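Engineer: Residue numbers (our numbering), protein chains in the order written: chain E, 1 to 255; chain L, 256 to 446; chain B, 447 to 932.
Hints were generated in silico from the structure; no laboratory data involved. Computed from a predicted model, the values in this text were never measured in an experiment. The beta carbon of each residue, even a glycine, is placed where N, CA and C say it ideally should be. Be a bit skeptical, because a hint or two may be false.
Residues on chain L that point at chain E, a partial pick, calculated with CB under 8 Å [to be verified]:
hint, residue
1, LEU278
2, GLY282
3, ALA287
4, LYS289
5, LEU293
6, LEU341
7, SER352
8, LEU362
9, LEU366
10, GLU405
11, ALA411
12, MET434
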Amino acid sequence: MRALSRIDKYRGGGRLILRPETRLLLTVAASVSSLALGDPQALSLLLAFSLLYAAAETKFKTLLLAYAFMGLMCALSLACVWLLGFIFPPMREAPLAGAISPFIRLGVSLNVILPLALNSKLTELAMALGRLHLPGFLRLPLMVTIRFIPVILNDLVQLREAVGIRFRGRRGFLFWLRHPLTWWRVFFQPLIVRLIRSADELAMASELKGLEVNTDFGSSAEPFSPDDRLVGLTAALAIILSALAEFFLSGSGHA
Amino acid sequence: MSSDNPATGAVISRPGFFQTRELVTIGLFSAAAKASSLILALAGGGMNPLTLILKSAVQSALLVVLLAKVPRTGTLTLSNLVGALLSFLLMGQHVISLPGVMAGTLLVELLALPGGGLARRPWLAVPMVAVSELVIRFINIGVSYLGVREQPGLLAMVVAVSAFGYLGILLGLIGGVRMTGELRHAGLIQD
Amino acid sequence: MLKVESLSYRHAHSDRLALKDVSFSLDEGQSMLLAGRSGSGKSTLLSVLAGLVPHFLKGALAGRAELDGREAGAGGVAEWGRGARLMLQNSEAQFLAGTVGEEILLTLRCRGVIGPEAGEIARERLAALGLSALKDQSVFKLSEGQKQKAVLAALTALRPKLLLLDEPSANLDPVFLEELKKALWRLREDGLALIVADHRPYWLKGLCRKLLVLDDGAVAYEGQIEDLADQERRSRLGLRSPDVPEKPSLPPPSGFRRRAPEEEAGFNGTDGSDQAADSGGEIRIENLYFNYPGGPELFGGLSLTLAYGEVTALTGPSGRGKTTLARLLCGLEKPARGRITYDGQPAGLELAQVVLQNADHQLYMPTVLSEVILAVGAGGRTPEVEAGARELLASFGLLGLASRHPQSLSGGEKQRLVVALGLARPTKLLALDEPTSGLDGQNLALMAAQITKAAQAGPAVLLVTHDLELVGLCAARHLELFGPMT
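Modelling step: build the complete structure from the supplied sequences, incorporating the hints.
Structural biologist: Shown next, in the form of structure tokens:
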């Protein structure tokens, strides 16, 4: 049964062999650090390190697409600010240079989220959760959630097809736009009914199994890999360097 | 009032800690909220106002039905916590706002406690969801402000997204109440 | 070992007894078929024996059910579950872990068995059920039959004394049923007592000797499974036949032809299968090839014609493309090569009606009547439409349920309703995917009669099914698929 917890199960699509916990911790650390830092140069340092991590874990094309999307969102946000400037003139007076820090923060978030979202399988995350020693009342619903998202996604696809068959000839975006209540009924009711039935059956099966709120799901793992340690140490170094940059440069960096 | 579905083994509400069956139900509803929001985002694009409204409507309707199924103090908080943790696990989102969101939701639940809470007054589910979602949005805007503090104008997008989302929440409340009534008629949720 | 004496049970919030004075006994290593009409109390009896009453299901229980002298449910659901285990119909709901091996380990962990001992037990159970190669397989990649075997492996990991199975055959093809039967046989040899509640007695012959028939919650007959050979008894009790032919002796669809050799194409068209493709039928499949992305090529250049007014049965093991063929015929999928035409027109949803397997996904309205009205009358609710809807409901024995919420119906009632919805509007092809998986003998006969009547009214009917009894009752032609897994 040793095979059940082999390290290769933690290898997602990334080039590094990282446990999901490492990716999760990196995401938290990067989010907190980027919010705490305000100096664009310190933030840029963090962005550079996080970009290295993203490049190692994500395909170049995907990264490029994500950055293009982020650029679009930033442009939209700036357009909003510009439009709001006509309503609230003081907003037009705010220096546009001030906008750079928020966008760097966005970049940092993107760099750590992409590897987490693209390289972590749901089952791996579920196993990681089992090792996080969360309280049972939180661990159990989270495990159920992760286990059943693909099931419900599949259900929703089937439901869409069933509705398409039943409402053939009346399909299409415009039909549903004209009949929002019908849309609500035909999509939402079967989903809810399925949920309630599944919840009852799953609860019954869980109790028959002897599953209790505090049952330890007991997923064991190999020790952290060299990649885990390398990435962890680099992240710590990046945060320390950025904090030092903030400390020494903040006078000239931001108001 | 607490409920008990003999035909299907539905949730029984008792004072004290959550039971396995209640936690399983909360988990499944959270999975449905996440799955439907993924499907809607894929179908309509994540930032499309219609998608934003629909995603939130489905989410709040699911919450109303969940609170009818598991009518106990803590259900709303736990459900929101699971949803937020899941967003973090899958997309790295909302990690900073998590503590505030939980505190806000728990406060709403505590405010509903005098008079017996949800178990005695099932209709409380609607104001509880409405207020807690409002609190969550304010906290998220607050955290977003930290991220764009150098150029507060950038908050406009966040506020617009939150407003569309909240409109969806209000519409979903109506749908959720109607659906709960129908589920009671079908015997899937019992008084 | 198991003693049930004068057991009666009434659900909470209900006025009528779900079980009335039920008594029987079962010894170690014995197995029993629990039969009866839909709603006769089979699942309720299993729930009581599994210890779900009164801890999980509330209600009033009278009489006694004892396993080795301990009263049912003693010590709570989990504690009682050490001795008696229940396999639910929905195998999906019985998995919490992500893989087959993890599921067995989790089941053991729930009972406090961990470490090397748990690993050893899991390995042994996987081997015993032929699942060793699937131990790291994700639950999502398992077929229905594999899921059931995996659930069985987990349920029997700690050697319970009594195993209760609720409708295990409902979603299984004959091949997996045979495998399940062998697995259950081995468990019985090890001394496990079995109670199998099922509508299909044929696959249990040789495994179960005892027979207990419930009717309206009471024991209506107690005897041996061979007693079901008596047709009068069967129809009085609403049961299915214990004798179903392994292969229907029906001709293949007219014009049946395949380009690839038979083994490669994966068809069994019985005799006369190489007729020319230009017979008088109107729905024509010509030189059909199809594959899902990354999947094997299916159908090997199949050609055939479906005649209007005729019922054609499509059978074969799960995952071999039966439903895919129905979907292609209805225009839900597009052929990779070849074509499908209705009187020369390309196949499309506007020409066909398909009734999918999952009834819950096909019911939307607040009452049964409004559900049928929605299907009958595209133009809204008029007295004519309502009269037509009522007539349709009456023909499926559902008129008495017209004001009920569709989701409050039993599984068998919902199956009848969705087939009725499929017949609501005229169509050229009616494709029915497993329309009888949860039906008792009485409703099976009713469904077969309605399908035959529907075909006589005009459309070609395609039955995708594992139910050979249904095939025998209403199909005129038969095609078996056994190609590569989709």
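Engineer: Which numbered conditions among the earlier hints are violated in the structure presented, ordered from lowest to highest?
Structural biologist: Hints 7, 8 and 9 not satisfied by this model.
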